Amino acid sequence: PSFTRKSLARTRADTDSSPASINIATMTQTQRFLCLMVALFSWAEKDVNALSAAASATKASPSMLSEADVAKIANGGVAVLPGFVPPDLVERMRADAKKLKAKGAFRPDGLSNYARGNSDQQGFSQASDRQTFRGSGNASQQSWYVEELGDYKTRMGFDDLLGNLRQQLALELNRPTMAAENSKHEITYNWYEPGAKLGRHLDEHHEETKGPKLGWRYPSRRSVTWLVYLNDNWKEAEGGALLCHPRSAHNDDAFVEGGTIGCHEGNLQVGWMDDHAPVYLDAFRETGMTNLYSCKDSSRVYWSKRDFDVPAQPIDFKVFLPKHVQPRFEQISTATKDPRFANASDPVVATVDATNLEVMPAGGTLVLFDSVTMPHSVLEVTGDRQRIAATGWFHEDSQFAFEGIV
Numbered sequence: 007p008s009f010t011r012k013s014l015a016r017t018r019a020d021t022d023s024s025p026a027s028i029n030i031a032t033m034t035q036t037q038r039f040l041c042l043m044v045a046l047f048s049w050a051e052k053d054v055n056a057l058s059a060a061a062s063a064t065k066a067s068p069s070m071l072s073e074a075d076v077a078k079i080a081n082g083g084v085a086v087l088p089g090f091v092p093p094d095l096v097e098r099m100r101a102d103a104k105k106l107k108a109k110g111a112f113r114p115d116g117l118s119n120y121a122r123g124n125s126d127q128q129g130f131s132q133a134s135d136r137q138t139f140r141g142s143g144n145a146s147q148q149s150w151y152v153e154e155l156g157d158y159k160t161r162m163g164f165d166d167l168l169g170n171l172r173q174q175l176a177l178e179l180n181r182p183t184m185a186a187e188n189s190k191h192e193i194t195y196n197w198y199e200p201g202a203k204l205g206r207h208l209d210e211h212h213e214e215t216k217g218p219k220l221g222w223r224y225p226s227r228r229s230v231t232w233l234v235y236l237n238d239n240w241k242e243a244e245g246g247a248l249l250c251h252p253r254s255a256h257n258d259d260a261f262v263e264g265g266t267i268g269c270h271e272g273n274l275q276v277g278w279m280d281d282h283a284p285v286y287l288d289a290f291r292e293t294g295m296t297n298l299y300s301c302k303d304s305s306r307v308y309w310s311k312r313d314f315d316v317p318a319q320p321i322d323f324k325v326f327l328p329k330h331v332q333p334r335f336e337q338i339s340t341a342t343k344d345p346r347f348a349n350a351s352d353p354v355v356a357t358v359d360a361t362n363l364e365v366m367p368a369g370g371t372l373v374l375f376d377s378v379t380m381p382h383s384v385l386e387v388t389g390d391r392q393r394i395a396a397t398g399w400f401h402e403d404s405q406f407a408f409e410g411i412v
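Taking my numbering, the leading residue of the sequence shown gets 7, the next gets one more, and so forth.
Since the hints were made in silico from the structure, they are not lab data. Just so we're clear, the structure is a prediction, and the values are computed from it rather than from any experiment. Be careful, since some hints might not be right.
What the hints assert, rightly or not - Below, computed lysine to any residue pairings styled on SDA-like, alpha-carbon distance capped at 25 Å:
(1) Lys109 to Ser131
(2) Lys216 to Ser226
(3) Lys329 to Ser305
(4) Lys302 to Arg291
(5) Lys105 to Pro92
(6) Lys104 to Ala80
(7) Lys109 to Leu95
(8) Lys107 to Val91
(9) Lys109 to Pro200
Unchecked claim - Pair ranges (Cβ atoms, derived):
(10) Glu271 to Arg223: 19 to 27 Å
(11) Val307 to Tyr151: 42 to 50 Å
(12) Asp238 to Tyr151: 19 to 27 Å
(13) Ala318 to Leu95: 44 to 52 Å
(14) Ala74 to Gly389: 28 to 36 Å
(15) Gln132 to Ser305: 29 to 37 Å
(16) Glu97 to Phe314: 50 to 58 Å
(17) Val331 to Asn239: 44 to 52 Å
(18) Tyr151 to Ser305: 43 to 51 Å
(19) Thr293 to Lys219: 19 to 27 Å
(20) Thr361 to Pro88: 18 to 26 Å
(21) Gly169 to Phe314: 39 to 47 Å
(22) Glu187 to Arg223: 20 to 28 Å
(23) Val331 to Lys105: 53 to 61 Å
The beta carbon of each residue, even a glycine, is placed where N, CA and C say it ideally should be.
Given these sequences and hints, build the entire structure.
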């Protein structure tokens with residue numbers, strides 16, 4: 007059962023003494039359950055140690071975000087901080103991106119091919135798709151950290167700024183493993199030519215929804231999405247705004263009840279119940295299947311009458327809920343640009359309405375939101391200038407990843 011593969015993999019991720027291959031067929035149900043318990047306790051201990059380290063680091067540097075900014079992220083909203091990056095650093099980063107672009111260090115990277123099931127670059131267009139800084143052929147090192155490419159000193163200065171920000175978020179969002187200083191965090195430049203846009207999507211999904219080839223592969227996941235715009239005197243008429251699509255009830259007074267947004271005890275969120283209660287997908291069921299649940303009074307309330315296997319794409323979680331509950335459920339990922347999820351009647355380009363938030367890409371502005379729960383898109387660049395930004399994701403440890411299990 008997948009429960010067994012996952013629990014064993016989690017145990018192996020936290021120890022160095024596991025054999026290269028484990029035969030799950032010879033294990034009793036009790037042994038399988040104990041494997042999961044060992045993994046959970048080990049994970050909890052690792053979180054406590056990471057949280058202590060984050061607290062120490064944060065005390066050594068001033069807070070960069072207000073309580074209101076952090077609360078917006080924690081409640082599933084968007085934190086927007088105009089002028090967060092000093093103008094001189096914005097100018098140097100913009101110049102770096104332009105020089106790298108002139109040297110051919112950017113590659114087309116959009117959603118159009120993923121929607122068709124293609125993973126290569128064929129079919130991408132520089133005129134209509136996003137381009138990202140990928141100047142190095144070394145897959146083990148992000149181009150951002152290659153000293154020979156562009157203005158490395160400027161990029162490292164910005165990296166230091168982000169490091170302090172990440173430490174504060176790790177502590178105040180209670181995501182301790184996000185504080186770790188390692189290569190798992192992602193960072194790059196984005197480049198949009200006039201006419202380019204990016205369809206509605208999420209930056210992270212539950213491992214069970216990624217399919218057998220992509221799910222449960224990596225030890226960390228995207229936790230917080232950040233963007234810093236590098237444009238000079240950008241005007242609203244030039245387009246290219248970031249369009250965020252919060253849950254339908256989201257406003258300045260929106261609240262979350264019954265659990266943290268994005269993730270609960272390693273289980274990622276897939277929807278909302280009654281507009282304010284996160285709904286998580288539990289992939290640790292003893293049946294080897296999954297179930298949907300929310301939290302109430304520190305306990306789990308399971309919504310599905312029976313455990314179920316996540317179906318082949320597209321996915322509509324509503325069908326696994328009792329009929330009287332279905333109208334109360336709002337699934338997070340429903341856009342046609344994300345083929346993993348149902349409701350293909352959604353428009354390809356989302357219209358702006360009262361529940362959406364539009365952010366103009368003004369130079370120096372920082373944008374932050376949860377990677378699991380915030381669908382977003384980039385509206386078409388309608389001016390005659392390129393739209394430039396630095397973007398990335400702060401990672402935290404995933405439930406686990408597995409390999410070599412038989």
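Against the structure, the hints come out as follows:
1. Annotation: proposed proximity of Lys109 to Ser131 holds, straight-line Cα distance about 18 Å (limit 25 Å).
2. With a C-alpha separation of about 14 Å, the suggested pair Lys216 and Ser226 falls inside the 25 Å cut-off, and the hint holds.
3. With a CA separation close to 23 Å, the supplied pair Lys329 and Ser305 stays within the 25 Å bound.
4. Our distance criterion of 25 Å between C-alpha atoms is met by Lys302 and Arg291, whose separation comes to about 19 Å.
5. A C-alpha spacing of about 20 Å is found between Lys105 and Pro92, which places the hinted pair at or below 25 Å, so the restraint holds.
6. This hinted pair does not check out: Lys104 and Ala80 have alpha carbons roughly 35 Å apart, beyond 25 Å.
7. Using a Cα cut-off of 25 Å, the hinted pair Lys109 and Leu95 holds, with the two alpha carbons roughly 21 Å apart.
8. Between Lys107 and Val91 the alpha-carbon distance is near 22 Å, which keeps this suggested pair within the 25 Å criterion.
9. A threshold of 25 Å between alpha carbons decides the hint, and for Lys109 with Pro200 the separation of about 20 Å falls inside it, so the pair holds.
10. Take Glu271 and Arg223: their Cβ atoms lie about 21 Å apart, and the range 19 to 27 Å holds.
11. Look at Val307 against Tyr151: about 44 Å separates their beta carbons, and that is inside 42 to 50 Å.
12. The supplied range of 19 to 27 Å is met by Asp238 and Tyr151, whose beta-carbon atoms lie about 26 Å from each other.
13. Distance hint check: the CB atoms of Ala318 and Leu95 are about 47 Å apart, consistent with the given range 44 to 52 Å.
14. Evaluation of the 28 to 36 Å hint for Ala74 and Gly389 yields a pass: the beta carbon distance comes to about 32 Å.
15. Roughly 52 Å separates the CB atoms of Gln132 and Ser305, a value that falls outside the hinted 29 to 37 Å.
16. Checked against the hint of 50 to 58 Å, the pair Glu97 and Phe314 passes, with Cβ atoms roughly 53 Å apart.
17. Distance hint for Val331 and Asn239: a CB-CB separation of about 50 Å, consistent with the stated range 44 to 52 Å.
18. Checking the proposed 43 to 51 Å range against Tyr151 and Ser305 shows it holds: the Cβ atoms sit about 44 Å from each other.
19. In this structure the supplied range 19 to 27 Å holds for Thr293 paired with Lys219, their Cβ-Cβ distance being about 23 Å.
20. Distance hint check: the CB atoms of Thr361 and Pro88 are about 22 Å apart, consistent with the given range 18 to 26 Å.
21. For Gly169 and Phe314, the Cβ-Cβ distance of about 42 Å falls inside the hinted range of 39 to 47 Å, so the restraint holds.
22. With their beta carbons about 23 Å apart, Glu187 and Arg223 fall inside the hinted range of 20 to 28 Å.
23. Between Val331 and Lys105 the beta carbon distance is about 55 Å. The supplied range of 53 to 61 Å therefore holds.
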